[in-house]
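Trainee: Starting from the structure of chain A, add chain B where the hints point.
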Amino acid sequence: MKGLRKVLTPFAPDQSGASGVLYSMGALIVIIDAGGCTGNVCGFDEPRWHESRSAIFSAGLRDMDAILGRDELLAAKIKSAVERIDTSFVAVIGTPVPATIGTDYKALKKLIESKVDIPVVPVKTNGMKLYNEGEKEVYKALIDEFADDVHSDAKDQIVLGMTPLTYGRDHIDLSIDDIRNIRGAGKLIAASSSGIDACEYLGRDFEIVSPVYKNSIPEGITGRTLVCHDEVVGKTLRDAGVECDIATFFKLHDSVRQAGDKKITEEDEFIEMVRTGGYDTVAADICLKELVPDYKGNWVDLKCFAISGRY
Amino acid sequence: MLPKSSPVWQNCFWKGEPMKHEAVCYTAEEVLKRGKSNIPSELLSGNSLVYSSPATLAYNSPGAEGFGVKRAGLSVPESVMLIVAPGCCGRNTSLISSMPEYKNRFFYLEMSEPDLVTGRHLNKIPDAIGEVLTFLRDNGKKIPRVVMICITCVDALLGTDMDRVCRKAEDALEGSEFEGVKVRPCYMYALTREGRCPPMVHVRQTIYSLLEPMEKDPRSVNIIGGFAPLENTELIEYLKLAGIRNIRQISTCKTYEDFLQMATANFNIVIDPEVRAAAEDMNKNLNIPYVELTRVYSTDKISSQYKALASVTGIDIIDSEEKAEADEAIARLKEAFPDLTVNIGECANANAFELALSLTRMGFKVDEIYSVLAPENFVYVKNLAMLSPDTKIYCNMEPTMLYYKISQSKAHVTVGKDAKFYCPDIPNVAWNQDTRPFGYQGVRDLMNKIFEALTEAKA
Numbered sequence: 001m002k003g004l005r006k007v008l009t010p011f012a013p014d015q016s017g018a019s020g021v022l023y024s025m026g027a028l029i030v031i032i033d034a035g036g037c038t039g040n041v042c043g044f045d046e047p048r049w050h051e052s053r054s055a056i057f058s059a060g061l062r063d064m065d066a067i068l069g070r071d072e073l074l075a076a077k078i079k080s081a082v083e084r085i086d087t088s089f090v091a092v093i094g095t096p097v098p099a100t101i102g103t104d105y106k107a108l109k110k111l112i113e114s115k116v117d118i119p120v121v122p123v124k125t126n127g128m129k130l131y132n133e134g135e136k137e138v139y140k141a142l143i144d145e146f147a148d149d150v151h152s153d154a155k156d157q158i159v160l161g162m163t164p165l166t167y168g169r170d171h172i173d174l175s176i177d178d179i180r181n182i183r184g185a186g187k188l189i190a191a192s193s194s195g196i197d198a199c200e201y202l203g204r205d206f207e208i209v210s211p212v213y214k215n216s217i218p219e220g221i222t223g224r225t226l227v228c229h230d231e232v233v234g235k236t237l238r239d240a241g242v243e244c245d246i247a248t249f250f251k252l253h254d255s256v257r258q259a260g261d262k263k264i265t266e267e268d269e270f271i272e273m274v275r276t277g278g279y280d281t282v283a284a285d286i287c288l289k290e291l292v293p294d295y296k297g298n299w300v301d302l303k304c305f306a307i308s309g310r311y
Numbered sequence: 001m002l003p004k005s006s007p008v009w010q011n012c013f014w015k016g017e018p019m020k021h022e023a024v025c026y027t028a029e030e031v032l033k034r035g036k037s038n039i040p041s042e043l044l045s046g047n048s049l050v051y052s053s054p055a056t057l058a059y060n061s062p063g064a065e066g067f068g069v070k071r072a073g074l075s076v077p078e079s080v081m082l083i084v085a086p087g088c089c090g091r092n093t094s095l096i097s098s099m100p101e102y103k104n105r106f107f108y109l110e111m112s113e114p115d116l117v118t119g120r121h122l123n124k125i126p127d128a129i130g131e132v133l134t135f136l137r138d139n140g141k142k143i144p145r146v147v148m149i150c151i152t153c154v155d156a157l158l159g160t161d162m163d164r165v166c167r168k169a170e171d172a173l174e175g176s177e178f179e180g181v182k183v184r185p186c187y188m189y190a191l192t193r194e195g196r197c198p199p200m201v202h203v204r205q206t207i208y209s210l211l212e213p214m215e216k217d218p219r220s221v222n223i224i225g226g227f228a229p230l231e232n233t234e235l236i237e238y239l240k241l242a243g244i245r246n247i248r249q250i251s252t253c254k255t256y257e258d259f260l261q262m263a264t265a266n267f268n269i270v271i272d273p274e275v276r277a278a279a280e281d282m283n284k285n286l287n288i289p290y291v292e293l294t295r296v297y298s299t300d301k302i303s304s305q306y307k308a309l310a311s312v313t314g315i316d317i318i319d320s321e322e323k324a325e326a327d328e329a330i331a332r333l334k335e336a337f338p339d340l341t342v343n344i345g346e347c348a349n350a351n352a353f354e355l356a357l358s359l360t361r362m363g364f365k366v367d368e369i370y371s372v373l374a375p376e377n378f379v380y381v382k383n384l385a386m387l388s389p390d391t392k393i394y395c396n397m398e399p400t401m402l403y404y405k406i407s408q409s410k411a412h413v414t415v416g417k418d419a420k421f422y423c424p425d426i427p428n429v430a431w432n433q434d435t436r437p438f439g440y441q442g443v444r445d446l447m448n449k450i451f452e453a454l455t456e457a458k459a
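So the protein lines, in turn, are chains A and B.
Final position of the first sequence in our numbering is 311; the numbers increase by one with none missing.
Final position of the second sequence in our numbering is 459; the numbers increase by one with none missing.
Okay, chain A solo, but in the shape it has when bound (with noise of 0.2 Å):
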């Protein structure tokens, strides 16, 4: 059945993408939620929150504050605490709830905007979709609000879309100013999906790999490869050499697919890939191993945050 999950737990969701983007950005981030979304950020999707603290906060949202749409209770709540913590901008996350009830998040952008003198930044997550699409909101968003046409400090190169959801311990962060200067930085690297998408928003030229696998091809991978992963690990590892094809669970760009790779949604399609496709090998995270325990042929375990949460 479309949507059932018999054997994985779900992956992670676009707000926990979102959040991701912005916890080194130096923002009040609001989860529009009622605690049980900021719990699976903080709690699990965010393995950062356990070493250093950041401004993540959930709004408190109770029953009737969603009935009655009470967004002036909310941007109340965050004058509040703009006035008491250190923040350049504040950062609202959509999660299921705001999506019931059809927040309008310009209206509330201009709601939050009348009452703190800093930027809001609304991010248009729901919780039912991947965390991909969650980092490619936020960097839309942020680069809408902040990326300046004449740039003072641009960097040679930024790297777009290396979360810990998708490199685990191996992100690369990056600050509101990389945002700010990003239209003038020298070189844009896309080293997963969302990174794809944020550098066609900008509509720059950018090179499409990921700097954790381009030298360094995982030991144990030989023969036909299945490499279920972000697909630019994927790409990463075929323009390495490695005869492969790409599944994966997130986006697959047309720039990225060729024939034999396959974007999945769900258990049954990975089974019947791996099954039928005579690999020599699988690239992919444990977890997923699960789904095919008869698999007799190699198995080289590509970590990954999002899929399995170890970091």
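Hints should not be assumed to be uniformly reliable.
Derived pair list, reagent style BS3-like, types lysine-lysine, alpha-carbon separation capped at 30 Å [said to hold, decoys possible]:
| # | chain 1 | residue 1 | chain 2 | residue 2 |
| --- | --- | --- | --- | --- |
| 1 | B | K103 | A | K6 |
| 2 | B | K36 | B | K405 |
| 3 | B | K392 | A | K79 |
| 4 | A | K110 | B | K20 |
On the chain A side, residues computed to face chain B include the following (Cβ under 8 Å) [claimed, not checked]:
| # | residue |
| --- | --- |
| 5 | M1 |
| 6 | P13 |
| 7 | V30 |
| 8 | C37 |
| 9 | I56 |
| 10 | G60 |
| 11 | L61 |
| 12 | D63 |
| 13 | A66 |
| 14 | E72 |
| 15 | A75 |
| 16 | K77 |
| 17 | I78 |
| 18 | T95 |
| 19 | I101 |
| 20 | G127 |
Simulated from the structure, these hints should not be mistaken for lab results.
On a predicted model such as this, the values are computed, not experimentally measured, just so you know.
Idealized CB from N, CA, C, for every residue including glycine.
Mentor: Quick look at chain B alone, frame taken from chain A:
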């Protein structure tokens, strides 16, 4: 988008007046002076954005920590859970489903955006249950007796009638090999956390609603409220000495049939106020009355409770030996660490304010408490203020807790998982184990744990 020339945008990188960077707190004396009807808003929940501390995760997110709705629902033996929700709601279940006892017990039906508009996810539930049961059968697993359907905030807002959905799902199993499998709703509605029927109250009602009337056994008693067994507490011994043969807790029921035997109880002992509504239901539907015992850390209070229990139930309780043991543990700690100062969090098997008052009455000092101050706990603060007016009260949910500085604290030891988060360099007794300490055993073991933590730190 704001024009770049606007003052709002310009302020983006201007820090303005330096902020205080201090966590807001009030002393017990200040809280007492303001009175119960004027508790500072920073100490209450619901008035501000919610800071993400470990305690907040447990308090505000009913599936995140400890026995949240998901684990609670699966405390029924031979049950599985189908989480019908957006993917985000089931994401952190990875933490739980890796535990061996939950293997093959969590399943997910992920909602999509069209489901939100059409509600068609509800129509898919009977087929999804059929597919889950078939999957379990084909993999040689035991067919569950109960399927818990866990739904979340979205369905709370859609006003989904889950009782009807579950009835329909049970009907769909009729005539199949899975006929008789019960389907029940579990509401993981964080939105109703402070409502009339919060998720953790409702899930207990759901669990005990599975019981059906049975002949009473005068020598059977249930202890209800927890999802893991009580620790080796004297309460069990007192009941046994009084001739009670069957003392049942849901966590000690090995099979669904064992669980159903809870309906034979002569009375229930309620050890958590969140099970009170379920106890009321059992009184009404199964004719099982209940008595309520509170977990406290004052040996005098514990003694009074046991006297009251003996009087209500007509059993004899002689507690002098256990009380003496607990008092000895207190004395040993006091002798070894006469100036002991403690910080207390709410992520512990204790009411932080009651524990603070009890420790103060024992002669220890309490420097800081990290807990939401619910009005019903004002009575403890009132008494605490008389003995220890300078004890500081912080609220775990308050946004300025981001700026809490460990250097402010004078404590030698902290109690509670959240207290360790704020004071990582001070010896900590987490005291948040799944199994529940209770009565004199709780006091004795806590004193011993603090003693061990301090002795270890000293060494």
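Trainee: Find the hints from earlier in the document that the structure breaks and name them by number, from lowest to highest.
Mentor: Of the numbered hints given earlier, those the structure breaks are 14, 15, listed in rising order.
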